[in-house]
Amino acid sequence: MRHPRTPASWRRPFAAVAAAALALAGAAWNAGPAAASPYAGPAVTTHAGHHDAGITGSTPDDFALAGSPAAAIVRAGSSVTSTVTTAVTAGEAQTVSLSASGLPPGTTAVFSPSAVRAGVPAGLTVSTTASTPSGTYPITVTGAGTSATRTATFSLTVHGRGPNLVQVSADPFADTGGQHATEVEPDTFDYGGTIVAAAQVGRFTNGGAADLGWSTSRDGGLSWQHGMLPGLTTHQGGGRWARASDPVVAYDAKHGTWMIAGLVIDSVLNGAGVTVSRSADALNWQAPVQAVGFDGQSYDKEWIVCDNTPTSRYFGNCYIEVDLPSSDNKVIMSTSRDGGATWSAPAGPSGIDLGLGGQPLVQPNGTVVVPFSTDTTSIRSFNSTDGGASWSSTVLVADVLAHGVAGGLRDGEGLPSAEIDADGRVYVAWQDCRFRSGCQANDIVFATSTDGTTWSAVTRVPIDPVTSGADHFIPGIGVDHATAGPGARIGLYYYFYPNADCTAATCELAVGFISSANGGATWSAPQTVAGPMPLSRIAATSGGRMVGDYLSTSVVNGRAVAVFAVGRTPPAGQAFDEAMYAVAGGLPVRAGTTPSGTGPVLSTAPARERHLPPVIRH
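So the number in my numbering is just where the residue sits in the sequence shown, counting from 1, plus 199.
Among these hints, one or two may not hold up.
Ranges of calculated distance between the beta carbons of each label pair, as one might list FRET restraints [stated by the list, open to error]:
| no. | residue 1 | residue 2 | range |
| --- | --- | --- | --- |
| 1 | Arg316 | Pro362 | 44 to 50 Å |
| 2 | Asp465 | Pro362 | 37 to 43 Å |
| 3 | Asp465 | Gly684 | 45 to 51 Å |
| 4 | Asp537 | Ala720 | 40 to 46 Å |
| 5 | Ser466 | Arg512 | 41 to 47 Å |
Simulated pairs of lysine to aspartate or glutamate, EDC-like, Cα-Cα distance not exceeding 20 Å [unchecked claim]:
| no. | residue 1 | residue 2 |
| --- | --- | --- |
| 6 | Lys529 | Asp574 |
| 7 | Lys453 | Asp480 |
| 8 | Lys453 | Asp585 |
| 9 | Lys453 | Asp527 |
| 10 | Lys529 | Asp494 |
If you are wondering where the hints come from, they were derived from the structure by calculation, not from laboratory data.
Keep in mind it's a predicted model, so treat the numbers as computed, not measured.
Idealized CB from N, CA, C, for every residue including glycine.
Assemble the whole structure, with the sequences as input and the hints as a guide.
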């Protein structure tokens, strides 16, 4: 993850993006009474046009104060605009002087003009500086008339300029079949101070990549070594498969073995099966083991995990989840007890067992919990209490209500991101629009369980107000494995659009981060990590432009590390410059005061459009 300085293409004024976000920010902010929002900071009382603010008794002349939009997102150092309107509600028009209070440090508000006759609009420009702290601020706009005073609230969310990034890896290939230079779909795993990441390298438009790359850090993500997995594809040499996809990482503490699982794709673009590449030092990788499949069926979206609790009866067991598109996305599991060298015959949950994107997790007692997506409509889970010898029936985690991400972006269609704390509490996160009026944009939401059977209510991560107009998707949730319960430390990276209502030509994609130090009860201010970047800078696929169907976060020594795709302006003669980056040293998991939200639920039906065929998603 290079780039100690922000590229010039990213330094353009953010105002254009923020102004576009304003157009979708929702109903006008107004002077009517408003319920306190758990997402917008301290409550600010607003007053209706016929309710006096700061005066007593009725007045012959009165006015209402309003404006549009109600909220905006801005990057520190840029500005946003809005329109303030006043309307005569009784008597004659009066002169109204406009002012603003509650501004964050380093921010100014300018009204043009600063005083109007009731019925005449004024412009409002809120300007931040590079030092303005990230956060959401309720700004009180006051209209002081000759016979009445009215106030209303404008919610401003400030995202930081972004931390220093380091480039983790790059695409070394130059064949004419794939798109170069592109890297997509990273996963990370940490153990004992080592972080290993894997990604697709050299993405093909119609499926898979030229190879899977590995990246390893031994200093908390400050520096990285990287290379290609050997013996996997014909592009790297020594491999037999045409392409590879869906890389995921695990570590087996009992056998001292790092593993990268991947989906290999044959010459007719069929997902032939799951391979596992192994390493003792996370730098030198063996030829892959054929773990699951290779029997003529079609496989997709595998995941891998190992039981690393020494007191567990099944310490050293590793588990692979994968689905079979050739059997209506039937979910199956396979187990290894020898460091990934051999794998059991597949078995699956009973009852409803169709879906994809399952992420198995192992509790300290050895119970395996597997949340998965039932093909975009819900999240379900199943488990095993006997080391993978048998698997339970599935239970509902939650229905999924998702907004179709604009610009034709391939967004993983709401695949879950799952993690576990030291006591075995499972966290599952996904993108969901239930808390947005009309399902117009997605939040990141999560649910938790202590046993994989009973799940909490769906909870909203308060990245910004529900009226912001921003869209959030492809979450990667991480939990510090040394923490638990009300002290669990959570880091969450995600992609987002500042303006959900954009097109393939106008969408601006960015990477964000937010954290919690109390198990998700309250959250820090969000932070913009990378971008915005136009969709033209990231790989094209038959299912839309692509950074990946999933994202991953590892929390190491109190700092959250994620590897993510960033598309930069390519050099002359090159179609892309999309590589893997990370924040140098990760981002600290900080405490925050903004509470999670469980309601009100404003949408009850999904507004998603399917971007990919129902069978092939690699």
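Against the structure, the hints:
A C-beta distance of roughly 48 Å is found between Arg316 and Pro362, which places it inside the suggested range of 44 to 50 Å. Between Asp465 and Pro362 the CB atoms are about 41 Å apart, so this pair conforms to the stated range of 37 to 43 Å. Distance hint check: the CB atoms of Asp465 and Gly684 are about 46 Å apart, consistent with the given range 45 to 51 Å. At about 41 Å, the CB distance of Asp537 to Ala720 agrees with the hint of 40 to 46 Å.
Take Ser466 and Arg512: their Cβ atoms lie about 43 Å apart, and the range 41 to 47 Å holds. The suggested pairing of Lys529 with Asp574 holds, with an alpha-carbon distance near 11 Å, which does not exceed 20 Å. Taken as a hint, the Lys453 and Asp480 pair is honoured in the structure, with Cα atoms around 14 Å apart against an allowance of 20 Å. A hinted pair counts as satisfied when its Cα atoms are at most 20 Å apart, and Lys453 with Asp585 qualifies at roughly 18 Å.
A threshold of 20 Å between alpha carbons decides the hint, and for Lys453 with Asp527 the separation of about 36 Å lies outside it, so the pair is violated. Proposed proximity of Lys529 and Asp494 is supported: the alpha carbons are some 15 Å apart, at most 20 Å.
Going through the hint list in order, the structure does not satisfy hint 9, though it satisfies all others.
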